[in-house]
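If you read the protein sequences in the order shown, they are chains A and B.
According to the working numbering, the first sequence is numbered sequentially starting from 15.
According to the working numbering, the second sequence is numbered sequentially starting from 12.
Do not rely on the hints blindly, as some may be mistaken.
Computed cross-link-like contacts, DSS-like style, restricted to lysine-lysine with a CA-CA straight-line distance of at most 27 Å [what the hints assert, rightly or not]: (1) K107(B) / K66(A); (2) K74(A) / K107(B); (3) K82(A) / K70(A); (4) K70(A) / K127(A); (5) K107(B) / K82(A); (6) K91(A) / K66(A); (7) K80(B) / K107(B); (8) K107(B) / K70(A).
Note that these hints are calculated values from the structure, not bench results.
Just so you know, these numbers come straight off a predicted model, no measurement behind them.
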Amino acid sequence: GDSVTQMEGPVTLSEEAFLTINCTYTATGYPSLFWYVQYPGEGLQLLLKATKADDKGSNKGFEATYRKETTSFHLEKGSVQVSDSAVYFCALSDLSGTSGTYKYIFGTGTRLKVLA
Amino acid sequence: EAQVTQNPRYLITVTGKKLTVTCSQNMNHEYMSWYRQDPGLGLRQIYYSMNVEVTDKGDVPEGYKVSRKEKRNFPLILESPSPNQTSLYFCASSIKTGFRSSTDTQYFGPGTRLTVL
Chain A
15 GDSVTQMEGP VTLSEEAFLT INCTYTATGY PSLFWYVQYP GEGLQLLLKA TKADDKGSNK
75 GFEATYRKET TSFHLEKGSV QVSDSAVYFC ALSDLSGTSG TYKYIFGTGT RLKVLA
Chain B
12 EAQVTQNPRY LITVTGKKLT VTCSQNMNHE YMSWYRQDPG LGLRQIYYSM NVEVTDKGDV
72 PEGYKVSRKE KRNFPLILES PSPNQTSLYF CASSIKTGFR SSTDTQYFGP GTRLTVL
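Using the sequences plus the hints, can you model the full thing?
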């Protein structure tokens, strides 16, 4: 079945450091790929997405490129800020088997802590 | 304001006492879903609904029931809660889903923290 694997955290960086959070996936169809962010005490919110191979999603300085050949969707940011401290989830949506419905699969989340 | 609301936000209950967590969205979304979030396991989908009267099991449906009688509401029912259902629950909705659709971004509620003693 479909799955999402992302690097375990926590990731601790100093302010203005470069960030990479790795995400790889397995899927039977042509999934859409997402990064969601969860700030303390809140629900998840969309950070960026890509719907087909070679698409690049970007938002708030974060970027991720849909790489079909390596089944990856790594999250990057050139210069992190303290306010970026949160938990980041990689996710996919894909056609579920023969039922014709769509399922969402989330990774386990990576906690990022940025120090001033 | 466009939003997904959940009630209650916090609930402590005892084993076997039936409970319902409500979820409502005001965005006329077709797709709604329930997840549970547990440390080290991320979010796991419990049930989802493609539209009114259309529901399907996610990855961890055991011990849960749902119904979708109206487009805006998608309650989660625990008929006989057990301690292993202690978790943080999220409801989410999206316009719809489809092949490479641009409308499948999910909007999440604030979460319900459930403790079953």
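| Tell me, which hint numbers fail for this structure? | Hint check: nothing fails, all pass.
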